[in-house]
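> In case you want the letters, here they are:
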Amino acid sequence: MTLPIVEVQGLTKRFGDFTAVDGISFEIRQGEILGLLGPNGAGKTTTIQMLLSLITPTAGSIRMFGLNLATHRETILSQVNFSSTYISMPYSLTVEENLWVVAKLYGMTDIPRRIDEVVKKLEMEEFRSKVTRKLSSGQMTRLTLAKAILTEPKVLFLDEPTASLDPDIAHKTRSLLKEVRRSAGLSVLYTSHNMREMEEMSDRIIFLQRGKIVAQGTAQEVMARFGERDLEEVFLKLAREK
Amino acid sequence: MEIFYWPFLDLVVWGFITVYLMRFQGQLPGVVTFFLGALILWDVLFRAQQGITISFLEEIWARNLMNLFASPLKPSEFLAATMAMSVFKVTAVSIIMAVAALTFYSYNVFIIGLWLIPFVLNLIIAGWTIGVLTTSLIMRFGQEAEVLAWGMVFLFQPISCVFYPIEVLPKWLQAIAWANPAAHVFEGMRIVLNQSAMPLMHLAWAIGLNLLFLTFMVTWFHHTINVCKERGLLVRVGE
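Sequences listed follow chains H and E, in order.
Quick note on numbering: our numbering labels position 13 of the first sequence as 13, and the sequence is numbered without any gaps.
Just add 1000 to wherever you are in the second sequence, counting from 1, and you've got our numbering.
It should be emphasised that the hints constitute simulated quantities derived from the structure, not laboratory data.
We put the CB at the ideal spot given by N, CA and C, even for glycine.
Treat the hints with caution; some may be incorrect.
Claimed, not checked - Using 20 Å as the maximum straight-line C-alpha spacing, the simulated SDA-like pairs for lysine to any residue come out as follows: (1) E/K1074 to H/Q79; (2) E/K1074 to H/K178; (3) H/K178 to H/P4; (4) H/K237 to E/A1080; (5) H/K104 to E/S1076; (6) H/K154 to E/L1068; (7) E/K1229 to H/K154; (8) H/K154 to E/A1080; (9) E/K1229 to H/D22; (10) H/K154 to H/D22; (11) H/K104 to E/K1229.
As the list claims (entries may be wrong) - Facing chain E, a subset of chain H residues (Cβ under 10 Å, in silico): (12) F26; (13) S84; (14) M195.
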């Protein structure tokens, strides 16, 4: 059995009286894609932000690569990256310039070769010299994804990575992620509101509701447990529970 | 802020300038020399502060802040980068102002001599201190505090005694001004221009106060980042 590369124990985040994440525990194994599901406000984004050291947990622990995130922040984050719909990149720089900045931030070497590789894989050649301000939303999504995989991370946090992408590019993106997972043993925490995508991509799923884990397992196990034919039905059932 | 802050500050600064001119009517040696030089040096401090604060704001506007703080970049490295950026901006603006002063008013900023070097260095550090303070406030209070990026430094202008000597201020305000490193720089500049003397004491005070305040402010910046991470404010300002 592969060892966990990400270990979360009793993770809690309270903002005053409001508990956004309530004592959740889970693992991500090497080469695994873990799907994180839940309605809006369930605590998915807060969980990812704690894993990226953008928010300090109220309680619990986060370990990656056997190291405690609280005490080994730079070492861990140099091997981690993320993509999110909440972020963008400096508008006055071109796509290629932005990727250079990211590569430098993470101390990469052989930057031109790596940028060429990523640009080709995400079919960004036609707009690699375009100023970021002028990108369409789909192109911007590809740029943030490029930024995430450019640094060859061991763990990737993807918050709706195929939002705004047309079906063709979305399919290619998913294939790329699976290929990188296969070749480099990449571990991924993946959120999406596209249930079909979650079924296709995730090895296991965690369902969050009001900050707690209410279901976990493979997609088939979760569907069987709730007696539903697909994840969307499970989602609707859980999301509508009072 | 526009309704009260700027008119109030304008009144305070020009009020003190008027008092200074009235007290020394017709007796101000090298008044053009002095005012232009003071303006150029004040701009060094202003641009040094802006270099730090605007760099931070640009990351917020670009929604790039989370990319930076979720990377291995340390807060100290971020500050060092913004300080380096401010030096570029100060250099560029100072060259333009010096050339314009020479062209339009035949004023040579180098009339101050080699004292210009320690004066400028101290003003840059004073600007950095205000810049780090402003950046910390924006991080803590969000985009509502963004206006401080342009307004904060002018709160220090009356007690920096840019255009008038400290003795023009009321006694209680003089005590506060003496704790301001920029005031020592401008007093030192007046001594060099009026008396051709060496303002060593003022320089020592400026250096000492700058080191003390900058150290405190950098420490406070790190503390503010921790508070913002605790309260989820870093992601709120970065989205």
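> State for each hint whether it applies.
Against the structure, the hints:
Between the alpha carbons of E/K1074 and H/Q79 the distance comes to roughly 15 Å, so the proposed pair stays at or under 20 Å and holds. About 32 Å separates the Cα atoms of E/K1074 and H/K178, which puts this hinted pair outside 20 Å; it is violated. With a CA separation close to 19 Å, the supplied pair H/K178 and H/P4 stays within the 20 Å bound. Among the hinted pairs, H/K237 with E/A1080 is inconsistent with the structure: their alpha-carbon atoms are about 51 Å apart, more than 20 Å.
Among the hinted pairs, H/K104 with E/S1076 is consistent with the structure: their alpha-carbon atoms are about 17 Å apart, no more than 20 Å. Using a Cα cut-off of 20 Å, the hinted pair H/K154 and E/L1068 holds, with the two alpha carbons roughly 18 Å apart. A C-alpha spacing of about 24 Å is found between E/K1229 and H/K154, which places the hinted pair above 20 Å, so the restraint is violated. Pair hint H/K154 plus E/A1080 does not hold up; C-alpha atoms about 29 Å apart against a cutoff of 20 Å.
Note on E/K1229 and H/D22: the hinted pairing holds, with a Cα-Cα distance of about 18 Å set against a maximum of 20 Å. Note on H/K154 and H/D22: the hinted pairing is violated, with a Cα-Cα distance of about 27 Å set against a maximum of 20 Å. Our distance criterion of 20 Å between C-alpha atoms is broken by H/K104 and E/K1229, whose separation comes to about 24 Å. Checking H/F26 against chain E by beta carbon gives a least distance of about 20 Å; that is not within 10 Å, so the hint is violated.
About 7 Å separates the beta-carbon of H/S84 from the nearest beta-carbon of chain E, less than 10 Å, and the hint is met. Given hint, H/M195 at the interface with chain E, is violated; its Cβ is 25 Å from that chain's nearest Cβ, farther than 10 Å.
Taken one by one, the earlier hints fail for this structure at numbers 2, 4, 7, 8, 10, 11, 12 and 14, listed in ascending order.
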